[in-house]
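Trainee: Assemble chains B and C onto chain A, guided by the hints.
If you're matching them up, the sequences are chains A, B and C in order.
For the first sequence, our numbering begins at 1 and goes up steadily by one.
For the second sequence, our numbering begins at 1001 and goes up steadily by one.
For the third sequence, our numbering begins at 2001 and goes up steadily by one.
These are calculated hints, taken from the structure and not from any lab test.
Misleading hints may appear alongside valid ones.
[What the hints assert, rightly or not] With a cut-off of at most 27 angstroms between alpha-carbon atoms, the simulated DSS-like pairs for lysine-lysine come out as follows:
#1 K2112(C) / K2402(C)
#2 K93(A) / K1054(B)
#3 K145(A) / K22(A)
#4 K2318(C) / K1021(B)
#5 K1195(B) / K1173(B)
#6 K145(A) / K48(A)
#7 K2319(C) / K1021(B)
#8 K2112(C) / K2143(C)
#9 K1270(B) / K1173(B)
#10 K1053(B) / K93(A)
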Amino acid sequence: MDADRIARTLTRIAHEIVERNKGVDDLALVGVRTRGVHLARRLARTLKEITGDEVPTGALDITLYRDDLMRHAVGPQPLVRRTEIPFSIDDRKILLVDDVLYTGRTTRAALDALIDFGRPRGIQLIVLVDRGHRELPIKADYVGKNLPTSPEESVQVCLQESDNRDEVVLEPGSPPRTPARWGAEGGAA
Amino acid sequence: MSAPAITKVDDIPAITSLRRKDLLGISDLAADEITLVLDTAEAMKEIGSRPIKKVPALRGKTVVNLFFEPSTRTRTSFEIAEKRLSADTLNIAIASSSVIKGETLADTALNIEAMQPDMIVLRHSSSGACHLLSRICRSAIINAGDGMHEHPTQALLDAFTIREHKKRLQGLKVAIVGDLQHSRVLRSNILLLTKMGADVWVCGPPTLIPTDITRSGVRATTRVDEAVADADVIMLLRIQLERMEGAFFPSLREYFNVFGMTEARLRLAKPDVMIMHPGPMNRGVEISSEVADGPYSVILEQVANGVAVRMAVLYLLAGGAEHETAA
Amino acid sequence: MKRLLRGGRVIDPVNGIDGVHDVLIEGDRIAAVGRDLPVNGASVVEIPQGLVVCPGFIDMHVHLREPGQEHKETVASGAAAAVAGGFTAVACMPNTTPVNDDANVTAYILSKAAEAALARVYPIGAVSRGSQGELLADIAELKQAGCVAITDDGHPVKTAMLMRRAMEYAGMFGMPLIEHCEDPSLKGDGVAHEGYVAATLGLRGMPGACEALGVERGVLLSELTGTAFHVAHMSARASLRAVRKGKEAGVRVTCEVAPHHFTLTDEALGSPIPYDTNTKMNPPLREAADRDAMLSGIADGSVDAIATDHAPHHYDEKKVEFDRAPFGIVGLETAVPLSLDRLVHAGLIRLSRLVELLSVNPARILGVAGGSLSAGAPADVTVIAPDLRVRIEAARLRSRSKNTPFDGWELRGGVAATFVGGRPLFVNPETGLAV
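The shape of chain A in the complex, shown without the other chains (with noise of 0.2 angstroms):
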């Protein structure tokens, strides 16, 4: 995916939230860190074009909720981040964007996350790609492009605000475990 593909995805998607919402009244945005972030605040922006409206967006680091946290005996710490979320998820439906799913465990550790934020009358999922091999019974209420690839695959979502440029890209080989890549690519060994 390049760039404009990306813009447009990202565009197509908002339109889809307004029509199944039946417009954005009680909606928030929740980027899991850190490129959801990145496109949730997008998706925000296109938002407020569309409807004129205001969708409160926060960002959540789901890295104490990871279920693989503890697990090696050696190697370095996923890095902990801040979580900001400025407003009550209590009684709103929350929008959940990713950037890419692929096991489903970083979005199982982000409802959990989200769940002791408070009690939101919904949960959905947005996901920028979609490249399969699910572990968990998760699914995305909003893609932007189903990949499929194999396990030995790696998929990197490029963005302008931390990579300074957008494209998706598809790779042979695993990435480097670094912590930047867990966050990527949702899941544990």
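Mentor: What follows is chains B and C alone, placed relative to chain A:
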């Protein structure tokens, strides 16, 4: 010791783990490890403002708080930190009489270790007690204060508090006034602040200034006006009544007159000075009530930050260190 | 039985000998020292090249712990450690349980020594009853029972008044007063040398002045009473200064330094093992300037003797927090390698001076036989191997206790053989010496 994990992606800092199994003192920590603790503490602090102040990070881990000295403040702080990370905590308070009666520290610790705790938080009246335990125990050891030696989590939470207000530690003038000789908080703070590039001044009566303290990279003076002049931060240390018996100074009244932090002395510092104290305070001895309760005091913030900093330490050590493979 | 130690370098300062000589031993006495002595039916021991034959070394400061603390050491195990360390005789301190303040305890110690039949043991008696510092012990009785000196070691004599009286009284018998020099109020509850290292580690300190005050007191009282005053385990430069001043003024003051005080400094408390209780002793390891002063005193003659202050402690007792650990380390089996490596090979002193420090002077100060290879002297001989590579292994020490900070140290210089009364009680096969 293997090389630390180095990742430099986006604004992620250079290291993401501490290069060690235990936290015995600031003396072992490098500046980048200190920064990692402070950065992690920022994220941890936010958890305290959620409706559910708990994350599952240390779920299933057992932490033993082994306190040989009475302490409400530090022990409670550790306990809250452990519980917020969902760890199982065990508080063991050993009255000094049982120590005199028989079981050595080593035996007590080994007995506890047999129950396989993941971490032991130790406070003891003997300097070096944590080093002894780290040699004989496999659990990670966190120093909650050993004798007159170090109190690393206190220095870390002090640094965190300063950094929150001043956005940096480098180049700040920090004055530390009080019973320097007997203070583990002093030693940890000197180590941390000098490592992070602060300009540290220590002040107290000559009887309470440790030998050759300037070799630690600080300035020493017996004149409190000199110490606090243009200071960005003033830390007061507790004066204990028992010190009078050692003839360290004639009376508490005299100490207050010569060294006590009063509003008048405070005015010599910078207009946005921070007043800090590790607690518990002796009002009217090292600090006047007006200053303790005044607008420059961040003493209560220190306490609140203690939980976040201790959560960060527990989290960073609980993951295990790279060198642990050699066990 | 006749034994001829043939062809070794012999150093016997008292008789001005330093060169290749033979030593003839007859029974338990030295018969002759000379060149190319006739064999005449003696059993010949060829001394390999490089080894040096000396009058037997005497450690004038050891704690044998018996009676009362046999879990740490006994007279027998201490005497065995002594001969393995090259010592033909030791003088043992009275702070046993009970304190050696009467003839019974002295006799007990001597009988244990006779039973072991290893190094000679010279008991040192207490100055005061129970070493409590109140009443004088029965000093004449102690002398008669076999004590060679008096001390309240472990702590200083309680008051100047008592020390004066003890010196006057003991002077009657020609016994020196050996003093653990210290001002108790200045020592307080110190556990380390008062300096930068202790301040950083958070340990209560005792300054060098604390020891020097005791030395000054002893020197003045020795001047007053005329009795010989010996400074035990000297460690501080201020103490050395006081000893020098006293000697210049003609006072009968002598002093000893332990190997750890001329080798280590207080840095050892922090590294390699932080708070290693095997670096805790009293007087403590001091700063470099003090250690260097001890070396200079050894070099220029101000220091009279090397004595180990061998202080065995059981492993359990030392495996505690630094504050709570008892003071002291073992020293009998590390003294000779440390002395050879750090004093002789370091170019500070010659071998003949080392023999003075380890044999001639201790014998003279205590007034016991030994210190020379004169004809008729007891056949106490120490053969050293100055170029032997030695590795200190705590687990293999013969002492019951292994509390040493020198475990793993590689040093140049060791013991080849120890003869007591002509009997070879220790032989080190690594040196090529065969007896």
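Trainee: Given the hint that K145(A) pairs with K48(A), test it: the Cα-Cα distance must not exceed 27 angstroms.
Mentor: Answer holds: K145(A) to K48(A) is near 23 angstroms, not above 27 angstroms.
Trainee: Does K2112(C) pair with K2143(C) here, judged by a C-alpha cut-off of 27 angstroms?
Mentor: Roughly 18 angstroms separates the two Cα atoms, so the pair holds.
Trainee: With the threshold set at 27 angstroms, check whether the alpha-carbon distance from K1270(B) to K1173(B) stays at or below it.
Mentor: holds (10 angstroms)
Trainee: Can the restraint linking K1053(B) and K93(A) be considered satisfied, given a maximum Cα separation of 27 angstroms?
Mentor: It holds: about 22 angstroms lies between the C-alpha atoms, which stays within 27 angstroms.
Trainee: Measure nothing beyond the straight line between the CA atoms of K2318(C) and K1021(B); if it is 27 angstroms or shorter, mark the hint as holding.
Mentor: Given pair K2318(C), K1021(B) holds - Cα atoms ~25 angstroms apart, limit 27 angstroms.
Trainee: Sort out whether K1054(B) lies within 27 angstroms of K93(A), counting only the CA atoms.
Mentor: holds (23 angstroms)
Trainee: Mind checking the alpha carbons of K2112(C) and K2402(C) for me, to see if they're no more than 27 angstroms apart?
Mentor: OK: K2112(C) and K2402(C) at ~22 angstroms, within 27 angstroms.
Trainee: Below or equal to 27 angstroms on CA atoms is what counts here, so check K2319(C) against K1021(B).
Mentor: With a Cα-Cα distance of about 21 angstroms, the restraint between K2319(C) and K1021(B) holds, given a limit of 27 angstroms.
Trainee: Tell me if the straight-line CA distance from K145(A) to K22(A) falls inside 27 angstroms.
Mentor: Given pair K145(A), K22(A) holds - Cα atoms ~23 angstroms apart, limit 27 angstroms.
Trainee: Would the pair K1195(B) and K1173(B) pass a check requiring their Cα atoms to be no farther apart than 27 angstroms?
Mentor: holds (14 angstroms)
Every hint, counting from the list given before, is met by this structure.
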